[in-house]
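**Q** Take a look at the letters that make up each chain.
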Amino acid sequence: AQKITQTQPGMFVQEKEAVTLDCTYDTSDPSYGLFWYKQPSSGEMIFLIYQGSYDQQNATEGRYSLNFQKARKSANLVISASQLGDSAMYFCAMREGGFQKLVFGTGTRLLVSP
Amino acid sequence: SAVISQKPSRDICQRGTSLTIQCQVDSQVTMMFWYRQQPGQSLTLIATANQGSEATYESGFVIDKFPISRPNLTFSTLTVSNMSPEDSSIYLCSVRSGSSYNEQFFGPGTRLTVL
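Taken in order, these protein sequences are the chains called V and Y.
Heads up, the first sequence is in my numbering, so the first residue is 1 and it goes up one at a time.
Heads up, the second sequence is in my numbering, so the first residue is 1001 and it goes up one at a time.
Worth flagging that the hints you see were computed from the coordinates, not collected in a lab.
Hints may be right or wrong, so weigh each one.
Residues from chain V that keep clear of chain Y, each with C-beta distances beyond 12 angstroms, as calculated [said to hold, decoys possible]:
no.	residue
1	Val13
2	Gln14
3	Thr20
4	Thr27
5	Lys70
6	Ala81
Covered, in the sense of this in silico footprint (three residues per stretch, anywhere, with C-beta under 8 angstroms from a C-beta of chain Y), are these stretches of chain V [as the list claims (entries may be wrong)]:
no.	stretch
7	89–100
8	103–114
Quantities reported herein were computed from a predicted structural model and do not represent experimental measurements.
Don't be surprised by glycine CBs; every beta carbon is placed ideally from N, CA and C.
Construct all of the structure, not just a fragment, from the sequences and the given hints.
**A** Okay, structure coming up:
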C-alpha cells in the first residue's frame, strides 16, 4: 500500500487565489511527521512546512498552512494568495516514528497563471 | 535551518565511469541522508551516513554501487560507480535540523546524466 498518496497530478490556479494540494497518508505508527516540499525546475527541494502527529494545532509558515485531519489521515497544503513563483512540483512526505527516512508521494505540479 | 551545498551541481558522464558527489553542511549533524530522484519520479532514500560507522543502505541499493564516506560531522560523499544510463538522476543530500530536530532540509542536488 502507498504510504503517501497525492491524487492531483496537476493543479492550476490564478495569481492571488488560494489553492489546496491534497495528501493522504497511511501509517499505524502513532508517532510520525508530515512534510511538504517545493521543487522548482532547478531541482532543489525546498522545505515548506512540518506537522507532527502530536501537534495540537495546524502548522503555518507564512502563506503556507497545513490542514491536518488526523482521523482522515490527510495533510493538505494550503497556499494562500498564490504567486507566479509558486509554480513548481510539490511533494508530500512522511517520516514514521521509528525510522529516519522520508517517504514521498508522487507529487503535484502547480501552475500559477497571471 | 541547515545550509547544505553540493558539488558538482551537474555533470555528464560516460557509462562505465564513476562520479563522486560532495555534500557540505554548515553545522555538525549526526546523520546525513542521500536520496535519488530519477526523471519524472519521486525521491527515494539510498542510504543514511553516520560519522564513524558504515552507511546503512536501503533495499535495492548496495555499497559496491554507491559507496559513501562520512569523514566528519559536516561532510559526506556519495560515489556512483560503474555508471549506466539508468543512473541518470538528481542526487540529493539531506539532513535533519531545526529547533526541534524535526525539520529536514535538502541540498541543491546534483543532476547527473550518463551517456
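**Q** Evaluate each hint against the coordinates.
**A** Hints and how they fare:
1. No beta-carbon of chain Y comes within 12 angstroms of the beta-carbon of Val13 (chain V); the shortest separation is about 22 angstroms.
2. A cut-off of 12 angstroms between C-beta atoms confirms that Gln14 (chain V) is not in contact with chain Y; the least separation is 26 angstroms.
3. Listed as a non-interface residue, Thr20 (chain V) keeps its Cβ farther than 12 angstroms from every Cβ of chain Y; the least gap is roughly 20 angstroms.
4. With a closest Cβ-Cβ approach of about 16 angstroms to chain Y, Thr27 (chain V) is found to remain outside the 12 angstroms limit, as its non-interface label requires.
5. Look at Lys70 (chain V): its CB is around 17 angstroms from the nearest CB on chain Y, clear of 12 angstroms, so calling it non-interface holds up.
6. Residue placement check: Ala81 (chain V) keeps its beta carbon more than 12 angstroms from all beta carbons of chain Y (closest about 23 angstroms).
7. Figure legend: the stretch 89–100 of chain V, annotated as covered by chain Y; annotation consistent (4 residues with Cβ-Cβ distances under 8 angstroms, at least 3 required).
8. Here's how the stretch 103–114 of chain V fares: 4 of its residues keep a CB closer than 8 angstroms to some CB of chain Y, so the rule of at least three is met and the hint holds.
When each numbered hint is compared with the structure, no violation occurs for any of them.
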